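Build the full structure now, drawing on both the sequences and the hints.
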Amino acid sequence: MAMEEAAAERGKRLSSRESEEGAGWACSHMGTFAALRPDERGFTWLNASTLWRSRNEILAGLFGDPSGEVRARWVAGQESRGVDPEFRIKPPVKGNFSFLLLGDTGEGDASQYAVVPPMLKAGAGTAFAVIASDVIYPTGSGDEYGPKFFRPYKDYDAPIYAIPGNHDWYDGLGGFMRVFCDAPPLKPKPDRGLRGLLWRRPETIDEALLKEARALRGRPSQQGTQPGPYWVVETDSLLVVGVDTGIRNVIDEGQAAWLRRVSLDPRPKILVTGKPIYVNNTYKPSALAGGGTIDDIVRDPAHRYVAAIGGDVHNYQRYPVRVGDRVIQYVVSGGGGAFMHATHTIDRVDVAGVAEDDFKCYPLRGDSLSYYSHLYARRLRMRWLYLRPREAVCIMSQRIRNEPVRTPEGPVEITARMRWAARLLGSWPWPVRLPVGKANHRFLSELSDWDEPPFFKHFLHASVTPEELTLRCFAVTGCLAQEREPPVEDEVRISLS
1 MAMEEAAAER GKRLSSRESE EGAGWACSHM GTFAALRPDE RGFTWLNAST
51 LWRSRNEILA GLFGDPSGEV RARWVAGQES RGVDPEFRIK PPVKGNFSFL
101 LLGDTGEGDA SQYAVVPPML KAGAGTAFAV IASDVIYPTG SGDEYGPKFF
151 RPYKDYDAPI YAIPGNHDWY DGLGGFMRVF CDAPPLKPKP DRGLRGLLWR
201 RPETIDEALL KEARALRGRP SQQGTQPGPY WVVETDSLLV VGVDTGIRNV
251 IDEGQAAWLR RVSLDPRPKI LVTGKPIYVN NTYKPSALAG GGTIDDIVRD
301 PAHRYVAAIG GDVHNYQRYP VRVGDRVIQY VVSGGGGAFM HATHTIDRVD
351 VAGVAEDDFK CYPLRGDSLS YYSHLYARRL RMRWLYLRPR EAVCIMSQRI
401 RNEPVRTPEG PVEITARMRW AARLLGSWPW PVRLPVGKAN HRFLSELSDW
451 DEPPFFKHFL HASVTPEELT LRCFAVTGCL AQEREPPVED EVRISLS
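Numbering (UniProt numbering), first residue to last: 1 to 497.
Don't read these hints as lab results, they were simulated from the structure. Careful, some of the hints might be misleading.
Below, in silico cross-link-like pairs of lysine-lysine (DSSO-like), each with a Cα-Cα straight-line distance of 30 Å or less [said to hold, decoys possible]: (1) LYS94 x LYS154; (2) LYS189 x LYS211; (3) LYS121 x LYS94; (4) LYS211 x LYS121; (5) LYS189 x LYS90; (6) LYS121 x LYS154; (7) LYS211 x LYS90; (8) LYS211 x LYS154.
Predicted model, so just to flag it, every value in this text is computed and none were measured.
This is how it looks when you write it as structure tokens:
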């Protein structure tokens, strides 16, 4: 633990909160991640085939989401195969241990592979890893797990567990259940009506291809079949409870009943979910079929939840919310590989009594604004849109009405040109703006994606003792310096006693 603490302290001094270099803006050498990629190919949303394959999201919104019913069938199949009915995972850990958490990983491009070297460095000796949401983009196909799961994490020498995101459900969860639960395909069930006619069902998996991919993570130390799409990792000091929010962010009755049972265990707990409860200065808890929300369970003091971590949104946010006489850490962690979602569009934080100075995010709002200004200035060939990092820091400080997290390098005069650029990029409410938010990702994500540093990706490292949980957010820029010495962008210590 002493070496881990020393590395974390060094990481804080190298972070984006300290310098532009720490943010990756002064990247003299690219990291080694480029050599890990199998090829330069990726997917594009601007493709009729991809859009058609991802139609279940739209169909679920128009005609109702069958995820709960389909999930119940997957669970019944697992129970008939003899899995633990409480869906428990018991890793062989005793005493102090640590684990990793990554969210929204599987694009298979440079931004995913850039996470791998620093993750392996910071994750050496961890007991397991968790992927929170959207393991495979765009549509969860089982045949895409080779380059987007097995290959990138082939050198991580511990089991990896996962909860599905909405993109994994575009395949009816077929690929996810085959890979993580070793489940056979579901038998087809008629679904009448237009939804049944149009609904995309699981693809037939090429078993030879999957066997070849599995061999990349074939060591005994890497094995860890999970019982279902939701589960609980049990250790002496902490439970990690993973829930499946499907396509439309609803917990079905069977899963809700299981969650209530699991939550009665007296040990402290972390919730890991496909959808965050607090995000972008708003409160969006998953609904429970039958009434109530998932946060009703998290907030109940008898259940002893100390944190709730959700993926889906591709950045890092942390809201320390006071609930009675305790504080629950609500975290967004979706920066494990997919293209970045903006943080500069988040208003001054005032949700659930959380003060702006208590809120943490990565990338910093100024870096997010500079990133998007650089991206659009280049893509649209409009050089006047570009805001240097120090300019964007000052604009966001004025917009949010706080002292800059990072002191700007040199004097900055904010001009009318900078204000117009910031408005177009969404820093202020404005009728016309360029797409920077999550709502645009289906059709316009290519405009938000690039394959060179800084990437502003991240992963979480959790250290657990019987008395304390320490959560650290490690930044990923893609630069060689940060690859060798991963920066720590945020750290919070949580009492478990």
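Comparing the hints with the structure gives:
no.	hint	in the structure
1	LYS94 x LYS154	holds (25 Å)
2	LYS189 x LYS211	holds (28 Å)
3	LYS121 x LYS94	holds (22 Å)
4	LYS211 x LYS121	holds (28 Å)
5	LYS189 x LYS90	violated (34 Å)
6	LYS121 x LYS154	holds (14 Å)
7	LYS211 x LYS90	holds (25 Å)
8	LYS211 x LYS154	holds (14 Å)
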